[in-house]
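Protein sequences, first through last, are from chains E and R. Residue numbers for the first sequence follow this note's numbering, beginning at 1 and rising by one. Residue numbers for the second sequence follow this note's numbering, beginning at 1 and rising by one.
Since the hints were derived computationally from the structure, they do not count as laboratory data. Check before you lean on any hint, since a few could be wrong.
Any copy, or any two copies together, can satisfy a pair, since identical chains are not distinguished.
Stated by the list, open to error - SDA-like mimics (lysine to any residue), calculated; alpha carbons at most 20 Å apart, straight line:
(1) K53 <-> Q43
(2) K28 <-> Q86
(3) K403 <-> A274
(4) K53 <-> E42
(5) K210 <-> R199
(6) K80 <-> L92
(7) K422 <-> A475
(8) K224 <-> E196
(9) K455 <-> E380
2 protein chains.
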Amino acid sequence: TMADNTKDTKEDIKAPKPAANLQIKTPKGTRDWHGPDMLLREQLFQTVSDVFKRHGGTPLDTPVFELREILAGKYGEDSKLIYDLQDQGGELCSLRYDLTVPFARWLAMTSTQQVKRYHIAKVYRRDQPAIARGRMREFHQCDFDIAGVYDPMIPDAEILRIIVEVFDALKLGITIKLNHRKILDGLFAVAGVPAEKIRTISSAVDKLDKMPWADVKKEMVEEKGLPEEVADKIGVYVQNAGNITDIINYIKADADLPTNDDIKAGIHDMELLAAYLDALEVTDKVSFDLSLARGLDYYTGLIFEVINKPEPVADGDKKKKSKKDDPASQVGSIAAGGRYDNLVGMYGKKQIPCVGISFGIDRIFTILKARGENDIKKREVDVFVMAFGGGKDFDGLLVERMKIARQLWNAGIRAEYMAKAKPKLQAQFKAAEGTPLGVILGEEELKAGQVRLKKLDQGQGQKDEGNLVPIDDLADEVKKLLL
Amino acid sequence: TMADNTKDTKEDIKAPKPAANLQIKTPKGTRDWHGPDMLLREQLFQTVSDVFKRHGGTPLDTPVFELREILAGKYGEDSKLIYDLQDQGGELCSLRYDLTVPFARWLAMTSTQQVKRYHIAKVYRRDQPAIARGRMREFHQCDFDIAGVYDPMIPDAEILRIIVEVFDALKLGITIKLNHRKILDGLFAVAGVPAEKIRTISSAVDKLDKMPWADVKKEMVEEKGLPEEVADKIGVYVQNAGNITDIINYIKADADLPTNDDIKAGIHDMELLAAYLDALEVTDKVSFDLSLARGLDYYTGLIFEVINKPEPVADGDKKKKSKKDDPASQVGSIAAGGRYDNLVGMYGKKQIPCVGISFGIDRIFTILKARGENDIKKREVDVFVMAFGGGKDFDGLLVERMKIARQLWNAGIRAEYMAKAKPKLQAQFKAAEGTPLGVILGEEELKAGQVRLKKLDQGQGQKDEGNLVPIDDLADEVKKLLL
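Could you put the whole structure together from the sequences, leaning on the hints where they help?
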C-alpha cells in the first residue's frame, strides 16, 4: 500500500523505476489546462474580471483549504461532497467547496463592514464527474459579492446587472430565473408544509429542472412524508413563471398567499427590484420563476440562476442540431447566486448582509469551446533570430544569435532562437513558424554591424531576403513592424 | 468530533449557531490576500509572466492534487511534508508539493516533445511556518521550464538569463549560486564517499548555508557514518566559490579531480555555459559555488539558487539596519532550480530532458513589501454618480443615478453610486473619496437633459460645481477627462 510511503523514502530514492501498474493521469474529475484551452480560459477570466472591476470590485484570495469546522453545517445535503484532508496531526481541514463560505469567514475575522469583492479560483466537490457537461471535481468559480448594509434591493439589482454585462461581453444569450426565499417559504407555509420540513421540501422543488413534477411529488410524499394534498398545492404554485410584474400580480390575486407576512415582505422586495431592473435595462432577461429553490441553505432573500438560451433557430433552417448535441442545453445553470444575510453571523456576533453571484466558468468554457472559440491563434513570440551561412567554417553564430536576442529582450520584445549550435536554415524557418518577424544573421553582415530583418508571415518563404538594418537600430525597427 | 460530520447534516442545518470554541481563522501557515497586498501580488505575477512570455513561454495549469503515487519517491527526505487527502473512497491523492513533478507527469502523458512552459500557482508543504521570513504551508511558486532535446547548456543559459530579467524588472539585486550535480558527485567520489551514500551526503552539504561546517561534518560522520578524513576532504573542496572561470581552473589544477569522468563532463558543460552567459550578459550575477547541493533528488546537471543581495550600504551611512531586521537576509533563497533529465522518464519509456527555475513569490513579496511597495494606491473606480437636491420632495434620484451608471458601464467606464435611496450629498462625497470624477444629478438639470461632471481629486470639495454636460455626451466627456 501507499499509506506509509512517507516513511521509506530511502527505498523510493533507490528505485526511480515507475511502479508496474502506475497510471500516469490526473485524478478523476480533474484536468490539465494548456494550449488553446488555456488561452480561452485566460480570455474568459479577463472578460469577467473587467466587468467586476467596472463595478468597483476588489480581488480577494483565500487558502484552498479551510478549517473543517468553518465549512460544517453550511451546505445541507451536499456536505457529503466535501473533500477532507487526512489527519496528519494538527488542525482538521477540508478543501473549499465554494468561494462564498471562505468570503463569509474572511468578513467575520476582519473589520470590513462594506465591500464589493471578487474571487476567481478553483473549488472542490467529490461529485460524479460529467466531463461533456463541464461538471468536474476540481472546477472554477468566479464570484462577485456585495457585502454590507444598504437600502433594500439596490445591491441585488447591481448583481443582476453584472450578470447581464458578463454574458453580453461573452455574446451568450441568457435567461435569469429569479425567486425569493421569503416568497417560497411563505408559499410552502400557506400550502401547509410544517416549518421543520420547509428546507427539505425546498431541496425537492429545486430538482424540478432535472426531474418531472411526478418524481418530485413522489419524493415529497413518500420520502419526506408530506401529505399528498399539500404536495399538490405546491405543484400548482410552482408552475408559475413569467415577468416580474405578472407573477407579483398572480400572487396578489391568490386567495391565501397575500396574507402571509413572509410573502408580503418578499413582494415588497420584488416590486423595488422591478423598478431598479428597468433602470438598469435588465428586465427583458429575467423570469420570475416560483419553482426556483436553490439547494443551499444559507440563502435568505432573492435567489437566481442563469441558463443559457441559444439564439432561436430560424424556421427554414434545416441544420437544426438535436438538443442532445447542444452543450448549452446540457450544462444546466451557468451562473447562480442570491442573498445570504445570516451566513457571516454564523461565525460570531457581527452580522453582515450579502448578495452575490457565482459564475460556472467551466460550463461557460464548454459552451464557448463548442462554438469554436478556442481556435484563437495567439502570437507567442515576435521575433525569431536565425543564422545563415554555409561551408565548412560556418559555426552557427550561436553566441551572436544570443547577443541579438538579448538586445531584443532588453527592449521588451519577445524573441527566440534555436537551441542548437549549428542549425540548418530550413530547420530554423520551420521552428519560426507562426512568428511574424525573423532576424537573419550572416558573417559578412555582422562584420558591417548589420542584420537582415524579414517578415515571415507572408508565405514568401526564403525568397524575400528582408532589409539590412544596423544592429543598433534593430529593436526600434522591430517595434515599428509590430505595430 | 467532526469526523462524521458529513453524516448528520440535518442536525447541522438545524444548528446554525457557531460552536462555542470555533476559531475563525485560516489554517496554520495559510493566509488571505486582499487590498494592497493583493494588488502587489498581482503586479508581481504580471511582471514575472511578462518575462516568461518574452522568452516564448506558454501557460500550463494542473490540478491542485495529484495521484499519491505520482509524487512518491520524488522528494527524498522532504516527502514527509506532503499533504495527503483523506481516503474517502476512490483514488488516493495528495496536494502538489511543487510544480515540477506535475509538469513532468503532464509531459509523460502527452505527446509533447519540446515546450517552454510557465506555471504560477500555489503549492503545499506541511512545514513549520515562519511568516516573517515568508515561509508558509500554502505558498506560490512561479516556474519556467524548458523541456526537450537541445544542444548542451543553451536552454540552461536562457533560464539563467530569465532569472536576471525577472529580478532586474523587480529592481532586486541578486547573486545566482551555481553548481553542477556531476561535478559534485565526482567530487564526493574522489573524496572517497561510497556511491550509495552520495545523495545523503549531498543533502548534508546542502545545509551549509544554514549551519556551520562543523555541524555539517558532525552529521556526515556521526549520523551518516562517513570516515572523518573523507569529510575533511569534502570540507576543503566545498569551500570554493567564485567566478566560473576561476573555479574551473581550481578544479583543473587539482591533483585528483580532473581524472574523474563525471567531473570532466561537468567541466565541459560549465565551459560552454561560461561562453553563453557572457553573450547573455549574465556573467557578473553568478557565483560558481561548490558547496551548493540542492536537496531534491531529481537534479542531474546544472543546479542554481538565487539569493537577494541588497545594494551595498555606503560607508558613511549611519542608518545601517541590523541584519536581523532585514527581510532580505532572512528569507534565504528567493528562486532555485536546475536540470532534471530523468524525471519524466520515471513515469514511463519517454525520456525528456528538462531545465527550469522556480521563483519563491512569497519570499520575494516579503522583500518588496518591506521596501514599501504595497503602498500603491490603485484607482478602483473612475466615476461616482451622485444626486443633489433638497427639500421634502427630493426623492434621491436613485433610478436616475442607476440609468446614468448603466450608460457609463455600457461605455466600459468603471462607475459606482451609493446604494441608498435618499443619500445626503456629504455622504456621497465621502463615499466617492479616491474616485477621480463625479457626476452630479439635479432635478432641474435632468429636465434639461444635462448633468454636472466634476473633478473630485483636487481637494476643492464642493465649491467647484463642475461643468454641465448633455447626458448623451457624458461617456465621451468622461473618457476625455480620464486620459
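Quick rundown of the hints versus the structure:
| no. | hint | result |
| --- | --- | --- |
| 1 | K53 <-> Q43 | both (15 Å within a copy, 16 Å between copies) |
| 2 | K28 <-> Q86 | both (18 Å within a copy, 15 Å between copies) |
| 3 | K403 <-> A274 | between (65 Å within a copy, 14 Å between copies) |
| 4 | K53 <-> E42 | both (16 Å within a copy, 14 Å between copies) |
| 5 | K210 <-> R199 | within (19 Å within a copy, 58 Å between copies) |
| 6 | K80 <-> L92 | both (16 Å within a copy, 17 Å between copies) |
| 7 | K422 <-> A475 | neither (25 Å within a copy, 58 Å between copies) |
| 8 | K224 <-> E196 | within (11 Å within a copy, 66 Å between copies) |
| 9 | K455 <-> E380 | within (16 Å within a copy, 41 Å between copies) |
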